[in-house]
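Enquirer: All chains should be modelled from the sequences, with the hints used to inform the complete structure.
Which chain is which? The protein sequence lines are A and B, in order. Numbering-wise, the first sequence is residues 168 to 462 according to my numbering. Numbering-wise, the second sequence is residues -11 to 390 according to my numbering.
Misleading hints may appear alongside valid ones.
Taking lysine-lysine pairs in the DSS-like style, the calculated list, with each CA pair at most 30 Å apart, reads [said to hold, decoys possible]:
1. A:K247 with B:K77
2. A:K374 with B:K381
3. A:K247 with B:K30
4. B:K381 with A:K248
5. A:K268 with A:K200
6. B:K304 with B:K381
The following label-pair restraints were derived from C-beta to C-beta distances [as the list claims (entries may be wrong)]:
7. A:S293 with B:E183: 34 to 44 Å
8. A:E302 with B:D154: 50 to 60 Å
9. A:M410 with B:N119: 33 to 43 Å
10. A:N362 with B:Q96: 45 to 55 Å
11. B:D58 with A:N253: 42 to 52 Å
12. B:N14 with A:S243: 19 to 29 Å
13. A:L215 with B:E12: 32 to 42 Å
14. B:D154 with A:E241: 27 to 37 Å
15. A:V229 with B:R302: 38 to 48 Å
No lab work stands behind these hints, which were simulated from the structure alone. No residue lacks a Cβ here, since even glycine has one placed at the ideal position from N, Cα and C.
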Amino acid sequence: MKTTTLFMLCFVVALAASGQEKKRKPSAYNQQKQNKEDEKFLEKQWWLGFKAGPNLSKAHVVKTYSIIAPTNYEASTIGKKYDNFNLVGAQATIEVSFYFKRFLFSFQPTYQNSRFAYSNSFVWSSESDLTNRVELNFEQEQKLDHAILPLIIKYDIYGNRLRPYVQLGAYSAILINATKSVTSSGIDNAAGGENVFQNEPIIVGAKDLFAKSYWGLLGGLGVNYNLGNNVRLNLDIMYKYGMSNISSTENRYGSDRLSGVGDAMDDLTLDNLSVSIGCLFPMRFLSSGFKSLDH
Amino acid sequence: MLKRINTILSIVFVFSLMLSCSEESNPEFDIQTFTTIFDNNKFDASFFPIEMRQTADGGYIVLGGRKLDDSNFTGIYLLKADKFGNFVKEIEVEETSVNPVAKLTEYQTKYYFFCMDPLTQQAQIANVDANLEAVTITPVQGGLTYPAAASFVDNSFILLGYNNGDKQTVISIVNPDGGILSSKGYSIGTGEDIEEPIIKHYIRTGRQYPFEVGKVSSNLYFFNGFFNYTFSLVFTDMTSDDPVGVVQGQQADGGFSALTPLGGNKFASSRFNFGENFLIPNKELSTSGITSTVDLGGYSLPELVPNANVRILRAKIDTENVLIYGSDTKSKQIGLLFYEEATGTFISSRYLGFSNPFEIASLTQTSDEGLAVCGTTYVAGRFPRICIFKLSKEQLASNLNK
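Expert: This is how it looks when you write it as structure tokens:
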């Protein structure tokens, strides 16, 4: 919903900008002179834009932690299984870029909502009575809201109406909010039959369980399409590679509700693949009529 | 242009600052704070802790009990965890020794506890090294039976037992080799009824009574046990046939549920009375004559389960002497209540555990001035397992509002 609203906003702004363009037909001499001025002018430009879209996340385990310590079976049998690139999050970005000879130096503050999940399961059984068996499964979903502050260098591979680019950069992420939900379900065969059950999910605010900030590197590609009316439409694909731990090492066991069900956060880095669509507007104009010379 | 460069440099500076604030793995945090539940995947297995001690390597040794298939008594279970709370080793001691009792005592690099022979009910003294390499069990001399509680004072153990032949509660001084230095018995009364709760305590089919034993001064000992038809706190010089003093309970339905000497005749204690619980953080008790626990008052705590298990720890938090009471709440959590030792004034509380039931077993102040709480949790709501909560020094300090 947020994404759609932002995209609509971009579209409306694009239409408004288009209405301000004044069209003239220059003479041949003036055209030549103008082209030289244009080339010089086009060497640098400031751009302002908005973009938004969905994202998928992947958690890398740096060090695993567990409340449950097995005494007579392998810990790997109850290990967490991460469900990567499966839960859709969303992000919205304001882009401020400075263009200089095909390079763009870009600052793109982003509000990012990312989601990832993991599961683990436990089995208790009796060797003497096979009906005495209980299986318990836990599904844990994390929802994280971060303010992402990336510094990016883009390079326009090809300069025309369609301008594909590649980008590299680094980012810092500041935690805004976090929640965790734990759903437990299982099969109890000891009650005289197969009792399949699912408990109400435990949903807790989990801001203390995550690091206040983390950082990472990013790379990606995208394409700008010049609408010819001072507006560029932008499709941006970005992969953010987390470099530092997103979990709080100090507050790992800070939630009694989660500890009670045997959950402790691993030390993790978080990767994020995002796709954004938006638009860019030039901030330097050749004339008072908002002519930017962007073809 | 200069303004723009300044803006860009400011962004880069703030960005660099944020990168430097990223979360680093810190093993110290993993030592200071953790929660561990030691799980066994056998459906029929049942483990519960009795007492925990921190070892010299920063790890923990837990004396516990386990369900036996072929005995009415409780088997002996020992568990070693490292300083991070990770499982290291366990020993299920052979069934020729059963019924382990607190306290688990460190003496000359070994950890001692008492247990008994399931056939003769004779008391045994056991020791184990900090790494659980070997358990040594020796019969206590003198025919002492049914050990109920022990403490360690002046390089000797004070052992409380029960003699079901003479129907006596017996207090003895035992050296670490199992030799008896002195012993004195006190009648619990006559008749089957009075013995029934004691036997049910040992085979764990009835109430687990808070037996205690210790020393108040150079020639004054105490025990919390059955005497003269009543669960009482008895003071004795271990020479006279009659006790020096008795603080009577209410037959089997009232008495002290925990007791810690504070010096002189002062005690931190708690009492139960027909299901109700009262905490008495600092009170002078009469060590002579006959008095009653009912007259001691105390803070009533309806949040606790009826006749709750209570553990009391004298702790030092920052520079303050604090009493930490640990008990079981009706909400199935472990409740910790903090009181000033000098005045008995309530400071604050903290609750541990959620979702599954948790019950208190042992409180230990750790070498890093934190607190380790050992208890029983019921994994999946049904399987009794041992758990450890480790709280940091800072977490404890927060309970003093610092």
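Enquirer: Against this structure, judge whether each hint is valid.
Expert: Hint-by-hint comparison with the structure:
no., hint, in the structure
1, A:K247 with B:K77, "23 Å, holds"
2, A:K374 with B:K381, "22 Å, holds"
3, A:K247 with B:K30, "21 Å, holds"
4, B:K381 with A:K248, "34 Å, violated"
5, A:K268 with A:K200, "20 Å, holds"
6, B:K304 with B:K381, "10 Å, holds"
7, A:S293 with B:E183: 34 to 44 Å, "35 Å, holds"
8, A:E302 with B:D154: 50 to 60 Å, "52 Å, holds"
9, A:M410 with B:N119: 33 to 43 Å, "39 Å, holds"
10, A:N362 with B:Q96: 45 to 55 Å, "53 Å, holds"
11, B:D58 with A:N253: 42 to 52 Å, "50 Å, holds"
12, B:N14 with A:S243: 19 to 29 Å, "25 Å, holds"
13, A:L215 with B:E12: 32 to 42 Å, "36 Å, holds"
14, B:D154 with A:E241: 27 to 37 Å, "52 Å, violated"
15, A:V229 with B:R302: 38 to 48 Å, "40 Å, holds"
Checked against the numbered hints above, the structure violates hints 4 and 14; every other hint is satisfied.
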